[in-house]
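Chemist: Top line first, the protein sequences correspond to chains A and B.
For the record, in the first sequence the residue sitting at position 123 is 118 according to my numbering, with numbers rising by one throughout.
For the record, in the second sequence the residue sitting at position 161 is 262 according to my numbering, with numbers rising by one throughout.
It should be emphasised that the hints constitute simulated quantities derived from the structure, not laboratory data.
A portion of the hints provided could be inaccurate.
[Said to hold, decoys possible] Heads up, simulated SDA-like pairs for lysine to any residue below, C-alpha to C-alpha not over 20 Å straight-line:
| no. | chain 1 | residue 1 | chain 2 | residue 2 |
| --- | --- | --- | --- | --- |
| 1 | A | Lys1 | B | Gln236 |
| 2 | B | Lys370 | A | Gln125 |
| 3 | B | Lys265 | A | Asn116 |
| 4 | B | Lys152 | B | Lys439 |
| 5 | B | Lys548 | B | Gln236 |
| 6 | B | Lys197 | B | Leu151 |
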Amino acid sequence: MRQYEKTGILSQKDLQIPSEKQLQKGVAILECVQEIPCNPCVESCPVHAISMKDINAPPVNDFEKCIGCTKCVSVCPGLAIFVVKVKDRTAWVTLPYEFVPVPKVGDRVKAVDRTGAVRSNALVKKVIKQGKTMVITIEIDSDLAMDIRNIRV
Amino acid sequence: MRIRSHPIIDFKKRKELPFYFQKKRIVGEEGDTIASALHAAGVRTLTKSLKYDSPRGFFCGIGKCSSCLMRVNGVPNVRTCIAPLQEGIDVQMQDKLGLLPEAEFFGKPKKTLQVDILVVGAGPAGLCAAVESAQQGASVLLVDENQCVGGQLIKQTHKFFGSKQERAGTRGVDIAQELEADVRKLQNEGKIQVMTDATVIGYYESDKKHRFGIVQRCEYQNALFDVRCDAAILACGAMENMLLFPGNDLPGVYGAGAVQTLMNVYGVKPGERVLMVGAGNVGLIVSYQLLQAGIVVDRVVEAAPVIGGYNVHAAKLRRCGVPIQTSHSIKEVCGQDKVEGAVVVRLDENWKPIKDSEEYIKCDTICLAVGLTPSTRLLSQISVQYEFIPEAGGYVAIHDDTMQTSVKGVYVAGDASGIEEASTAMIEGKIAGLAAAIQLGRSKNKKLLAQYREELSQLRAGPFGEKPRIAKQKIAKMRERHHASI
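With the hints as extra help, turn the sequences into a complete structure.
Modeler: Below, the structure is given as structure tokens:
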């Protein structure tokens, strides 16, 4: 039994992790590790970086091809795709958000990790409405780039 | 108790509809059911139990159980969870058994209808079946108990999984509207008749055609229809399971789907603090939707040692700070006339409660997401071959790969044919609709039938499709055995 099957929380060893260089240009982290019948992320990718063997296979991102465009973030029905970009000591995490109130660019919000714990403050850099899903980019410390996956407004 | 601010649904204030409950004036809103209006006004107790006079609230919220029966304008046994609210009505709690009404309520004359295909249930399976049959040239009557078509899709605010051609990435509420638009188009062309707020009450003796009785409600009164058809597709859905524990009958213990209906369809909060029982996809998804409606989810408890639903759904809850406790279950609900709290308990590897592991939690609502049972009462009355298959969720009609039961011309689709989910229900509906049209000589497109079957087996191919896969294999085996014995 894998730990996440008990807790619901993925750890970095469950995930495909990009190199430092790939993180610098910004890439999509696909936090979807189980075999579930679903494929909209594959169809949404403009550079065909995301692939899957069949509809039940977990998606794989070719970080070399991925341009970090965030198109897949709002498409994923599981809200399980995040785009992470790191430069020096700063990281930008783009995440899907389906709550009210919706923060505005320039707002200070809480940065929350996969366990629901508040880890730091974050600055809202971008808010894009994709249907009813908000795609929000926050700025945080680069140490937290692979941990922060939610915000609290 | 009204939700006014929501990330997915626009709950505008609607026209006010005053009515009377136990002679007291209450104001509901246009679009409410009687039960949702009462709930919004803080009334959770709708009836009393017959023997011990215990308070009862609704459980299923979709017209499948009987815990919301009330007397409306003198008419007894009105299912208030699906009955529309109207201005000025007189709603009374029933004293014990429903008294016979003073008003004549069966006064309308019987009407006879002749159609090629009757489709019972306008959820994802029934809508797809009706559209498919009508497109092939069959005349179709689509009947549903609710005010509108869409079945349980109308409360699914999340985006669906599956393949792009099966509308993956689209929210259930939007899929309901797309399917309804298809039906309305065929209705305008005179190919489909739609009858909502109507119940198929039984299957009757007939020489050649299949014969059903349908009661359509209007102003809480009834009109009876005598329907003759060459084929019938029963897509009656399923109902939520109850769990045994002390206090499970208190108002405030709901099926998770009932809570989803109340908040996502009617914009009414079920309570302020919820304990979710069951970490399958329904439990996880409804928990997240409770958070979206501004309600606190204390935790999710799951008796199994692992989370049953998709990890992506569990991960969404965890990063919002909601604990999920596996190997935990509910021991009892506390409260006099309403839910005031609950005791949860840890289970050992044999699923037995561990001594002194009890924990009391304060909450006003319990949601049970512990599986569904296919609604097969009408099928059993038609005396189709019928077997208990645990993986299908209970008793199901044995059917072939065109969804036809052991009675010629009687088809089944969706959850009524074995518990699964909406994407597969839609394809099963298309298969049944097309197969029925082929049987009646309206279509010859067997190639399309094979294509639908291929799509279906692809969706079931993964590990999460194991249960329905086993169920359908067992059904196929039993059918072979049944055939051999004739």
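Chemist: Would the hint linking A:Lys1 and B:Gln236 be met if the CA-CA limit is 20 Å?
Modeler: 47 Å, violated
Chemist: Straight-line Cα separation of B:Lys370 and A:Gln125 no greater than 20 Å?
Modeler: 27 Å, violated
Chemist: Are B:Lys548 and B:Gln236 close enough, with their CA atoms no more than 20 Å apart?
Modeler: With a Cα-Cα distance of about 16 Å, the restraint between B:Lys548 and B:Gln236 holds, given a limit of 20 Å.
Chemist: Given the hint that B:Lys152 pairs with B:Lys439, test it: the Cα-Cα distance must not exceed 20 Å.
Modeler: Holds. B:Lys152 to B:Lys439 sits at ~18 Å (cutoff 20 Å).
Chemist: Take a quick look at whether B:Lys265 and A:Asn116 sit within 20 Å of each other, Cα to Cα.
Modeler: Cα-Cα ~37 Å, so violated.
Chemist: If you draw a straight line from the CA of B:Lys197 to the CA of B:Leu151, is it 20 Å or shorter?
Modeler: 5 Å, holds
Hints 1, 2, 3 from the earlier list are contradicted by this structure; the remaining hints agree with it.
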